[in-house]
Structures are given as structure tokens and as C-alpha cells.
Amino acid sequence: EAQVTQNPRYLITVTGKKLTVTCSQNMNHEYMSWYRQDPGLGLRQIYYSMNVEVTDKGDVPEGYKVSRKEKRNFPLILESPSPNQTSLYFCASSQSSLLGKTQYFGPGTRLLVL
Amino acid sequence: AQKITQTQPGMFVQEKEAVTLDCTYDTSDPSYGLFWYKQPSSGEMIFLIYQGSYDQQNATEGRYSLNFQKARKSANLVISASQLGDSAMYFCAMREGWNNDMRFGAGTRLTVKP
Numbered sequence: 043e044a045q046v047t048q049n050p051r052y053l054i055t056v057t058g059k060k061l062t063v064t065c066s067q068n069m070n071h072e073y074m075s076w077y078r079q080d081p082g083l084g085l086r087q088i089y090y091s092m093n094v095e096v097t098d099k100g101d102v103p104e105g106y107k108v109s110r111k112e113k114r115n116f117p118l119i120l121e122s123p124s125p126n127q128t129s130l131y132f133c134a135s136s137q138s139s140l141l142g143k144t145q146y147f148g149p150g151t152r153l154l155v156l
Numbered sequence: 004a005q006k007i008t009q010t011q012p013g014m015f016v017q018e019k020e021a022v023t024l025d026c027t028y029d030t031s032d033p034s035y036g037l038f039w040y041k042q043p044s045s046g047e048m049i050f051l052i053y054q055g056s057y058d059q060q061n062a063t064e065g066r067y068s069l070n071f072q073k074a075r076k077s078a079n080l081v082i083s084a085s086q087l088g089d090s091a092m093y094f095c096a097m098r099e100g101w102n103n104d105m106r107f108g109a110g111t112r113l114t115v116k117p
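So the sequences go chain by chain: A and B. Just so we're aligned, residue 43 is where the first sequence starts under the numbering used here, counting upward by one. Just so we're aligned, residue 4 is where the second sequence starts under the numbering used here, counting upward by one.
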């Protein structure tokens with residue numbers, strides 16, 4: 043089954059404790075992206091990757107890191123989480139070059155930073 | 004500047020009636036794509052419908068149709084014969100040119116009344 047998986051689905055942590063949210067897709071998509079969703083703001087892009095070893099900042103990259111060492115994986119790293127990073131996070135992937143292709147979303151990760 | 008605007012934070016509709024969710028967008032790129040997603044209370048993002056800027060006809064997918072008015076830069080989602088299961092958040096999104104970034108509106112929460 044074609045899918046994007048994220049782990050963990052739910053996470054409660056404390057300020058300053060490094061964490062990683064994993065994202066994996068099995069569709070051989072070149073493009074992968076991370077979003078955060080906050081009430082009244084819709085989804086905002088954090089980082090994206092056009093292909094292996096190619097990453098770039100989105101609209102709200104502060105406090106986050108990513109890496110793309112393999113095509114299928116795109117982990118999101120919070121080196122020192124803060125309460126303002128409490129949010130719902132989505133990973134998404136798509137084929138790179140076709141405008142009409144939608145992005146496929148993972149199930150989301152709900153993060154609470156105390 | 005806001006690229007996607009959804010002016011209705013919340014909408015109510017009676018079961019079996021039609022409802023229109025508004026979306027306006029801003030772009031100077033002649034090539035773009037418009038998407039609608041549904042997010043039920045469980046949190047996942049479900050792709051509903053796509054409209055390309057060069058498409059001659061309005062997109063339709065089952066009970067969903069997109070009222071695309073290019074000159075007005077609007078891409079309203081029409082849901083016909085509303086069902087209780089249509090109660091959810093709905094997001095309008097846009098991709099421009101060959102840019103893989105997807106910009107989202109703030110969303111509209113639709114409630115279908117029995």
C-alpha cells in the first residue's frame with residue numbers, strides 16, 4: 043500500500059530535550075516536506091527536500107533541522123524543543139515535476155512541549 | 004502576503020443540502036494548481052479535488068466540484084447532498100509553476116446538521 047508513515051504519532055516532551063520525528067514514504071517520491079498545523083493558521087511549511095541531500099527552508103524553519111540521506115526518509119529534528127513548537131506536524135511527499143500531482147500526507151504527529 | 008484566503012472560519016449546512024466553501028488565491032504565475040483537502044477530527048489530510056490553471060472545465064469528483072473563476076482568482080469547493088460524515092476542516096491549497104511548495108489557507112470548519 044502506498045503510504046507516508048510518521049513516528050511517533052503522539053509525543054509529550056519537556057523543553058530542551060532533543061527529539062526526532064521520523065517520516066518514511068514507499069512511493070519513490072523525490073519531493074518531501076514537513077508542515078506544522080496550528081489553529082487559525084492552516085499548514086505552514088517548515089522544510090522541504092527536492093531529492094536526496096537537497097533540502098531547503100520553508101516558511102517557519104527556526105528551531106528545526108532535517109536531513110535527507112535516503113530517498114524514502116526525511117526525519118524532522120528538534121534540537122532543543124520549546125513550548126511554541128507544540129503543534130500538529132505533517133510529513134508529505136509527491137512526485138517532483140508534475141504540477142497536478144497532489145502531496146500525500148502522513149497521519150500527523152501531535153507534539154506537546156512542556 | 005497571504006497567498007490563499009479562506010474567509011469562512013466556520014460553516015453550517017443541513018444534511019442533504021449543498022454547501023460552498025470559499026477560497027481566493029493570489030499569484031502572478033500563469034501556471035498553478037489548486038487543491039482542496041479534508042481533515043476529519045481524526046486528523047489525517049485527505050485529498051479531495053484538483054484544478055489546474057489551464058483546465059478548461061471545472062473539476063468534479065463525485066459530490067465535490069470546484070467552481071473555478073480564474074479572473075476573480077477564486078476556487079470555491081461545492082459539496083452537494085451533504086452528509087454527516089462531511090463534517091470536518093477543509094483546506095484550500097495552491098502550488099505555483101514547477102514549485103513543489105504548497106501554500107494552505109487557514110481552513111473552514113464545516114458542520115453538517117442532521
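If you're looking for bench data, these hints aren't it; they were derived computationally from the structure. Incorrect hints may have been included.
As the list claims (entries may be wrong) - Pair ranges (Cβ atoms, derived):
id: 1; chain 1: A; residue 1: Pro50; chain 2: B; residue 2: Asp29; range: 33 to 41 Å
id: 2; chain 1: B; residue 1: Tyr67; chain 2: A; residue 2: Thr62; range: 34 to 42 Å
id: 3; chain 1: B; residue 1: Ser45; chain 2: A; residue 2: Asn70; range: 26 to 34 Å
As the list claims (entries may be wrong) - Negatives, chain A to chain B, calculated, CB over 10 Å:
id: 4; residue: Leu83
id: 5; residue: Leu85
id: 6; residue: Gln87
id: 7; residue: Gly100
id: 8; residue: Glu104
id: 9; residue: Glu112
id: 10; residue: Lys113
id: 11; residue: Arg114
id: 12; residue: Glu121
id: 13; residue: Asn126
id: 14; residue: Leu130
id: 15; residue: Thr144
id: 16; residue: Gly150
id: 17; residue: Arg152
Beta carbons: idealized from backbone N, C-alpha and C, even for Gly.
Cross-check of the supplied hints:
Checked against the hint of 33 to 41 Å, the C-beta distance between Pro50/A and Asp29/B comes to roughly 37 Å, which is consistent with it. Distance hint for Tyr67/B and Thr62/A: a CB-CB separation of about 37 Å, consistent with the stated range 34 to 42 Å. Taking 26 to 34 Å as the suggested C-beta distance range, the pair Ser45/B and Asn70/A conforms, at roughly 27 Å. The beta carbon of Leu83/A is not kept farther than 10 Å from every beta carbon of chain B, the shortest such distance being approximately 6 Å.
Non-interface status of Leu85/A relative to chain B is broken: a Cβ of that chain comes within 10 Å, the nearest being about 4 Å off. Under the 10 Å C-beta cut-off, the non-interface status given to Gln87/A relative to chain B is violated; the minimum distance is some 6 Å. For Gly100/A, the non-interface assignment is contradicted: its Cβ lies about 7 Å from the closest Cβ of chain B, within the 10 Å cut-off. Once the 10 Å rule is applied to beta carbons, Glu104/A is consistent with being away from chain B; the minimum gap is 17 Å.
Distance to chain B confirms Glu112/A as a non-interface residue, since its nearest Cβ pair spans about 19 Å, more than 10 Å. Here Lys113/A stays apart from chain B, with its beta-carbon at least about 15 Å from theirs, past the 10 Å limit. At roughly 17 Å, the least C-beta separation between Arg114/A and chain B is larger than 10 Å, which holds for a residue marked as non-interface. The claim that Glu121/A lies off the interface holds: its Cβ sits roughly 24 Å from the closest Cβ of chain B, which is beyond the 10 Å cut-off.
The beta carbon of Asn126/A sits about 18 Å from the closest Cβ of chain B, which is more than 10 Å, so the claim that it is off the interface holds. Under the 10 Å C-beta cut-off, the non-interface status given to Leu130/A relative to chain B is violated; the minimum distance is some 7 Å. Look at Thr144/A: its CB is around 5 Å from the nearest CB on chain B, not clear of 10 Å, so calling it non-interface is violated. Interface exclusion of Gly150/A from chain B breaks down, the closest Cβ pair being 5 Å apart, not more than 10 Å.
The beta carbon of Arg152/A sits about 8 Å from the closest Cβ of chain B, which is not more than 10 Å, so the claim that it is off the interface is violated.
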